[in-house]
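**Q** Residue numbers (numbering that gives the first Met the number 0), protein chains in the order written: chain A, 0 to 148; chain B, 0 to 559; chain C, 0 to 318.
Think of the hints as simulated: they come from the structure by calculation, not from any bench. Just so it is clear, CB atoms sit at the ideal spot from N, CA and C, and this is done for glycine as well. Any given hint could be a false lead.
To be verified - Simulated crosslink set (SDA-like; lysine to any residue; CA at most 25 Å straight-line):
no. : chain 1 : residue 1 : chain 2 : residue 2
1   : B       : 548       : C       : 246
2   : A       : 1         : A       : 122
3   : B       : 548       : C       : 81
4   : A       : 1         : B       : 424
5   : B       : 548       : C       : 240
6   : B       : 489       : A       : 74
7   : B       : 454       : A       : 120
8   : B       : 489       : A       : 73
9   : B       : 316       : B       : 333
10  : B       : 461       : A       : 124
11  : B       : 496       : B       : 14
12  : B       : 521       : C       : 208
13  : B       : 548       : C       : 205
14  : B       : 454       : B       : 437
15  : B       : 424       : C       : 180
16  : B       : 521       : C       : 240
17  : B       : 454       : A       : 74
18  : B       : 424       : B       : 450
19  : B       : 433       : C       : 227
20  : B       : 433       : C       : 246
21  : B       : 178       : B       : 424
22  : B       : 521       : B       : 430
23  : B       : 433       : C       : 81
24  : B       : 461       : A       : 122
As the list claims (entries may be wrong) - If you anchor each label on the Cβ, the simulated ranges turn out as follows:
no. : chain 1 : residue 1 : chain 2 : residue 2 : range
25  : A       : 86        : B       : 126       : 49 to 59 Å
26  : A       : 123       : C       : 96        : 18 to 28 Å
27  : C       : 223       : B       : 227       : 30 to 40 Å
28  : C       : 218       : A       : 123       : 57 to 67 Å
Said to hold, decoys possible - Listing some non-contacts, in silico: residues in chain B with all C-beta distances to chain A over 12 Å:
no. : residue
29  : 15
30  : 116
31  : 207
32  : 227
33  : 369
34  : 396
35  : 496
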Amino acid sequence: MKSPRLDPPARVLVTKIGLDGHDRGSRIVAAFLRDAGMDVIYTPPWQSIAGVVKLATEEDVDTIGVSSLATDHLIVPQLVEALREAGLGHVGVVVGGVVPVDEQPALIASGVSAIFGPGASRDDIVEHVAALAAQSRAARDAELREWTP
Amino acid sequence: MTKEAVQLPLPGFDQDFAQWRADYSKQIGADRRIVNRSGIEIKSLYTPRDLDGSAYETDLGFPGQYPYTRGIYPTMHRGHTWSQRQLIGLGTPEDYNARVRQILAAGATAISFLPCNSGFRGVDCDEVDPLLLGTCGTVSNTVDDMDVALDGVPLGEISTAMNDPSPFTLLAFTLGVAKRRGIAWDRISGTSNQSDYISHFIANHMFYRLSLPGSRRVLTDHVAFCLERLPNWNPISVVGQHMQQAGATPAETVGFTLSTALQYAEDCVTRGIDIDVLLRRFTFFFDISISFFEEIAKFRAARRIWARLARERLGAKNPNSWRFKFHGQTSGVDLTRQQPLNNIARVATQAMAGILSGLQSMHTDAYDEAVATPTEETARIALGTQNILREEAHLCDVIDPLAGSYYVETLTDQMDAEILSVIAKIDAAGGMYKAAESGLVQTMIGESARRYQEKIERGEEKVVGVNCYQFDDEEGARKPTERPDLERMKAHIERFKAFKESRSRSAVDSALAALARAAHDKEDNIFARVVEAAGVGVTHGEIVACLRKELGFGRPLIVA
Amino acid sequence: MGVPSLSPEIPPALADLVDRLRRGDAAALSRCLSLVEQGGSHADAIGRLADPATGHAAVVGFSGPPGAGKSTLIDAYITHVRAYGRSVAVAAVDPSSPISGGSVLGDRVRMQRHTEDPGVFIRSIASRGHLGGLSENIHRVVDLMDASGRDVIVIETVGAGQSEVEIAEVADVCVVVNAPNLGDDVQAMKAGILEIADVLVVNKADLPLASRTADQLRAMLALRAEQRDVPVIETVATSGAGVDALAAAVDARGGLSAMQKRANRLRRVRRLIAQSAARQIRDRILALDTPQSDALLQAALRGHCGIAESVERFLRLLV
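Looking at chain A on its own, in the form it has when it is part of the complex (with noise of 0.2 Å):
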């Protein structure tokens, strides 16, 4: 079931945290996204912890994706608990990129919404990440409901 297009358009961050510094993929699925009628918040390589926050704040964003090469997803946990600390824990967050499978229940169990490996499909990307924004972007409707008298 494919979510309906967000007006304004989702505002999706692709940020790669830690140390690994390969782009690649995280730019193929920003150019996905914005195909798929999405503005992308492009960062390159090497955000800290706390810059993504910021970002993140500044940004409204309502989706933030990860790419994790190497062992940069073992820090993705103190980023979904940093967002949660400050205010941001309706932004949805998924990892792209290389997870070991003996791994991926703990990231899941920090928080991360799902995790997407190197075969993962551009449409089951594009849903997902379409399907967190809309959610992120409901909670805060209905909030500005409750300011309705």
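Fit chains B and C to the known structure of chain A by using the hints.
**A** Below, chains B and C alone, put in the same frame as chain A:
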């Protein structure tokens, strides 16, 4: 490209060929148009008509004879097999040392050092979350670290490749170790494997540390230093691997890489370095993909083109300067996470292509390389593949065995033409430095990458286990991922911090000041100051930070 | 869409949000920017609440062709401004894809020195097909950033279409950034740029053609009838060279009095209304389907009524 078809006076040839064509068309059913990764159309059959035997002397030559298409030495692997140079890098220096001793015992004849990602990033181990350290390479921030890592390794006798971009601190640490052990620097042999800053700027941003002009200066200084003080060291390795992994086609990769080689040669000659002194120390580093025949044709064409460029365009006079020496690594991009044991077959195929291409040194990936750093077992299997191909399949008995194949020679010529057209495009853009700076190369690579990705998504390009012959992943059966011991890593970080406290602060400060001054003094040699700084205990992170400050932080051009 | 309309009473939560914005809270500013993009009555309420706090910031617009190094120059300019303790907000506008409507907003990539500095707020904005290259809401975005207490607001846009002219409507100072050109290109430069630029920059000044390009620009400026003092500054954004001179030139031109700023803002608001009006009228004319409108169209078609007069007639119909 037109070629005079050989008019064979073979009676019956034409009729038999026509007959074959007719039978083929009748029986093939729905035929497909096949185009290789470089965009060259591949026929179903090649015949003597495709080959111009009269071109043997001009276009092929004998092994060890210009233009070296058949091999750069007269004996090739029959005389001296390729170096088995497996990449190792993980954990602490002690971990590296344990692994290097094993690999030497298992038959490796040369070693390669892969630093931790934190090192590529330009920082020391105490600047990063310990969870991220030592997972993809070895932490090595000082001469002491390198001393531990190379304990028991016969430095003056074995060739060591350092996978270290500008400013080449790993070599500086190695030289420090050699000094401690009383080994004369002129006995140190090996290669600065990641000296090709242009390839990093274009296609491997992780390795790109200093600004473009800064990298250019440091490389030229490094070359000058090494040619003078380290006569057995190859200071330049021009790398095609990153670009091919980023999506450049095999022909484009060679075109870009040779253009880069021309650029570096020009820069060094401008500096006053003699072309023949320089070129005999040039080496190349390429990926070997699984497109079997295409890779073989690619390397044969590369040998021929380089020989011609070196002699005719660069004016080198010594035959040593015309020889295209290369290290091949089986391409990790072709490996899959699904059904990982299949990767052993893939690596064997890639390795075969490498051997039949006449490479000088090779690294074979472990089957789990797509997922994690190799374990002892998988590293052993990777090396075993090379041993089997050599000992059991007898791939070394005949030099350039595929020469004369109607297909391989045709493909070699076609790859040659493609490669030359890429070099022409780069020339038109003012050379590789300018082409990279402007983003032209990145754009070309991006387009090739997109096209290939689309072919995979459409199922035109098949990957077993991924878009065909899929099987419910039996990955759950894998052993848990090995990670460096976190406690030992933390202990290493503590020792490192203690080391920093124990150094002569004044020696460190004055070495860093000299390094900073050298950055602004064209008469000084930056790499010489790096070596001195390393010698008094300045760390990797401190050296990189100093040069980033003076020469500019390396920010690659992001071409969407 | 799920966004309800507000009653004339402003809910306390919204008032509280704008209060936080006025105190400089980044999360509040960000939320308000999103609400303003969604439009509707929340956007209007926020605008009303924020208005009294506007009028202090210096608004600097940077435009110029792609490849001139604008983002890198802005990064260096921000570093300079921050060294003096002034806070900055950046509105970085990138074009939306005309095919998918989505965008890749990559300007932050070149502003990596400020990723953890709370004194630098960066918001990436998609142009959403807006012809001028800026977004339709840019006026509101600027006002909100102003109301949040930021000292300097930087607007960055790709110099395509009419964006140079549009940026002049929004910014106090317009900086147009060029790369060194081959001689002929300078001549072909749009005349409009010289009209609106307050400061001209030739970036990548380490390249050999740079000083010639700068001279050519000065010569073209001198030829114009209306003489304004427009400096041509050479910079090397990657090293920071020339950024001091750029900042000084911007300050010299941006030192507007409160009255001048108010006048600028009035001009911005007028423009916003005019654009909105044009859109509304266009939509309504396209939708109008009555016997009278039909008759007007027939008359226009047969040439009995010229276009200008047809417009007058339609407007009367709409009132």
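**Q** Does each hint fit the structure? Answer for all of them.
**A** A quick look at each hint next to the structure:
no., hint, in the structure
1, 548/B with 246/C, "holds (23 Å)"
2, 1/A with 122/A, "holds (10 Å)"
3, 548/B with 81/C, "holds (19 Å)"
4, 1/A with 424/B, "violated (45 Å)"
5, 548/B with 240/C, "holds (15 Å)"
6, 489/B with 74/A, "holds (16 Å)"
7, 454/B with 120/A, "holds (13 Å)"
8, 489/B with 73/A, "holds (16 Å)"
9, 316/B with 333/B, "violated (39 Å)"
10, 461/B with 124/A, "holds (21 Å)"
11, 496/B with 14/B, "violated (81 Å)"
12, 521/B with 208/C, "holds (24 Å)"
13, 548/B with 205/C, "holds (19 Å)"
14, 454/B with 437/B, "violated (28 Å)"
15, 424/B with 180/C, "holds (22 Å)"
16, 521/B with 240/C, "holds (20 Å)"
17, 454/B with 74/A, "violated (34 Å)"
18, 424/B with 450/B, "holds (20 Å)"
19, 433/B with 227/C, "violated (37 Å)"
20, 433/B with 246/C, "violated (30 Å)"
21, 178/B with 424/B, "violated (46 Å)"
22, 521/B with 430/B, "holds (23 Å)"
23, 433/B with 81/C, "violated (33 Å)"
24, 461/B with 122/A, "holds (19 Å)"
25, 86/A with 126/B: 49 to 59 Å, "violated (29 Å)"
26, 123/A with 96/C: 18 to 28 Å, "holds (22 Å)"
27, 223/C with 227/B: 30 to 40 Å, "violated (59 Å)"
28, 218/C with 123/A: 57 to 67 Å, "holds (58 Å)"
29, 15, "holds (46 Å)"
30, 116, "violated (4 Å)"
31, 207, "violated (8 Å)"
32, 227, "holds (33 Å)"
33, 369, "violated (7 Å)"
34, 396, "holds (38 Å)"
35, 496, "holds (20 Å)"
Checked against the numbered hints given earlier, the structure breaks hints 4, 9, 11, 14, 17, 19, 20, 21, 23, 25, 27, 30, 31 and 33 and satisfies all the rest.
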